[in-house]
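Chemist: With the hints as constraints, model all of the structure from the sequences given.
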Amino acid sequence: MRTESVDVLILGSGGAGLFAAIHAYDMNPRLKILVVTKGLMGKSGCTRMVQGGFNVVLDPADSIERHFSDTLKGGRYINDQELTWALVHDAPATIHELEAGVGCFFDRRPDGTIHQKAFAGQSFDRTVHRGDLTGIEIMERLRDQVLARNIAVLEEHRAVELISDGERVMGALVLDIRHGTFLGITARATLLATGGGPTMYKIAAPSLEKSEDGLALAFRAGVLMRDMEMVQYHPTGLLAGAGRVTGSVLEEGLRGAGGRLYNAQGERYMARYDPERMERATRDVVARAGYMEIMAGRGGPQGGVFIDVSHLGPEFVRKTFPGMVQRVQDIGFDLATGPVEVSPTAHFHMGGVAIDPDGHSSLSGLFVAGEDAGGVHGANRLGGNGVAESTIYGRRVGDAIGREAAALPLNPLPDEKWELRARHHARFWNTASGDNPAHLLTELRMLMWEKCGLVRREKDLLECRTALAALAERVEQISVVGAKAYNLRWADALNLESLIQVSQMVTESAVVRTESRGSHYRDDFPAENDEDWLKNVYLQASDEKPGGMKIFYKDVIFSREVPPQVREAKSHEFSQHMVQR
Amino acid sequence: MTVTVRIARTSGEQVFAVESLAQQTVLDALFYIQNELDPTVSFRCSCRVGMCGSCGMVINGKEGLACRTSLKPLGGDVTLQPLRHVPVIKDLVVDMEGFFSKYRMIEPYLQPRSEIVAPIVAPLDSHIRQEIDLGLECISCGLCLSACDVVGMVPEFLGPAALNRAYNLIADVRDDKTEERLRVVGQSRAGVWQCHTHMSCVEVCPKNIAPTRAIAHLKRTLIRRRVVGPKKRPIPKLQRILQEEI
Ligand SMILES: Cc1cc2nc3c(=O)[nH]c(=O)nc-3n(C[C@H](O)[C@H](O)[C@H](O)COP(=O)(O)OP(=O)(O)OC[C@H]3O[C@@H](n4cnc5c(N)ncnc54)[C@H](O)[C@@H]3O)c2cc1C
Ligand code: FES
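From first to last, the protein sequence lines stand for chains C and Y. Here the first sequence is numbered in this note's numbering, starting from 1 and rising by one per residue. Here the second sequence is numbered in this note's numbering, starting from 1 and rising by one per residue.
Derived by calculation from the structure, the hints in this document are not laboratory data. Nothing false has been slipped in among the hints.
According to the in silico footprint, chain C covers these stretches of chain Y (three or more CB under 8 Å from chain C):
id : region
1  : 19-31
2  : 89-99
3  : 113-123
4  : 130-144
Using N, Cα and C, we set each Cβ at its ideal position, and we do this for glycine too.
Modeler: Rendered as structure tokens:
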């Protein structure tokens, strides 16, 4: 096997990966930095697909404390408050650097200052954007800045395993997709920035190459994970029949601007779910409402509900949301003048690797940033906080790596075990005629949608557990044919493996959380239970049996803000105490 | 409707019959072929909504994004070829280094003037950004480079996307490298003078950008320089972002 050694190995080239590369380099230009990415640099991943925009406090009338409180409230108070604080605190400086250093240019108000638009779940209009396709501007310019520096990039290379001895991560085993060969890369510091991406659902939004690889890799290496049950469904995924466009997102700004949701009977159903906030309720609430309408038989011809922005005026819609108008036009409808059928779509994974505010994971040498990390958003992410997370944490963790990497040890590729692991990942050629991984992926997506999706219950989750185990066994029967170079069926098989592993983590964590909170809704425990569940569910691979996991939970630490419901309960307790005395 | 899809593969042309359903794109057809008919067919995609520029190819003789080209209007016969003017890796997958090696030549990154320490104030009626805005949303898909006849004849030619980016940076009041950039785009073999306004790039751009327009602006700027010298560029006002953050 070919081997290579670098100081810093960055897995993923989205907002987190590229910003980290830039910052690590600027902090210490002597570091040898290598970015390894499954797709093309800066093109693959979901930062590229960001539409609506980026939450940041810029207006003197707004405050970072308010952004902080909104994010905790949206996350139903199980966020890691130190991580959330770092997010809101660094946001202004990040926008500042994106504009004045990286070269982005966001939309302006008539007076020439940066425009900020309305998103759901926020007490202030604070979403910075470039039209309604913001990710293009951010990723093109970050990519340009990488080209300006001495940073090596391996495109169409996918990490298949972290090289670890259970205590320290020493690099990664990587598949060169173009040649179908393996490469062992050792590094002082390894950054996981593969962007999660819950594509194990029938309807899903992320870019097509993403398959939760980072979370599967981290888990297998023994890294501590958290909040894995928390998968966000976006309320307005486009429905385009059998086309792959299905599941792509109509951006949140449509609801922010006053867009309305209707069921097939023409009823503005949000009135029954959240009469106060209506369509501007947080995503968890709006997505679930849509799902329930569909399940109750009030869905449209494609099994969706309808978003309508035509009352805002066709001129306004065409001018404000040109990207969305074009996308809808591509599938034969007109967003500016009439309703468009949409469905909840799996969008984002709040859960991920447990980190500290500098991106350290539970294993030394392994840093994590972006969607692969958990804790920033708690039980539900606010729209506009995702690209904020990837860029802000890319910067922060890049700085930390820049400071620390040179002092971390660099080991040679340990032993021939990694040759065996490489062979393991290429084992699918052995079976003469077996399952088509594309078909197994479809099965997995149906299973997760029905049994571990927007509405969960114990019976379903237990069935899901059994079915996932069966699917995992069928992976061994997969048959891949043809040359190894650029073999898409092989990619399907590897994607499937990652997705099954992460689906198991989601399912097991969902079984444990016997309440409803944020995007995790249990039909059999429909209430939010603050008494017992202001806790995080943690999960780690267990040594006892291969593939086994241990699960435990811990109280949330309210290091900066005590949730109002706890404050009330506490003062109640306190007054009772007083009376007794 | 059954569509005949011909794919120019590395191993030669191969023909497939695909059932085309409403709302399906060329990318959907490729997935169907790869999943159900021949698992060894290779193509590239990521976002599937026209944002990443990974899926460019030549569709019935004309450059397009597979994910944004509907199948139905193409009729019963569809021919797919890899992009031109860049090396092929396998089947429809090309080496975009052929595109980026040119793009890199214009130093595509902002190199800010020392005064630019914060976002600039750019009133909507000030025209500071008007021209740039028209050419900003490039997704570096390479369709324009593939469609450009000049690149076929003069391999050194920087091509539409790189020149469009160069123009955006030259027109950007924040950038410090105007002189250097003008030298690069004014070169005789590689630069703007090679463009003879065929507008093939304009025709294929999936983002409705007109690189020809940017090239014309660059030509005008170069001529102006020769005749009347450089234009003075005032330092724009800056927007103060939360004081304590900076
Ligand atoms: C359609 C859509 C719209 C969105 N809109 C918004 C919005 O308006 N506002 C907002 O705040 N958030 C939005 N988000 C969320 C936001 O995009 C993500 O939270 C964020 O961009 C994730 O960034 P990242 O850097 O962690 O990952 P990504 O940007 O997804 O990058 C991941 C990278 O890792 C690579 N990779 C994957 N697996 C491997 C592997 N095994 N080896 C090597 N590389 C690998 C990928 O190819 C990619 O380059 C949106 C998401 C989607 C899907
Ligand atoms: S797949 Fe991204 S542009 Fe087509």
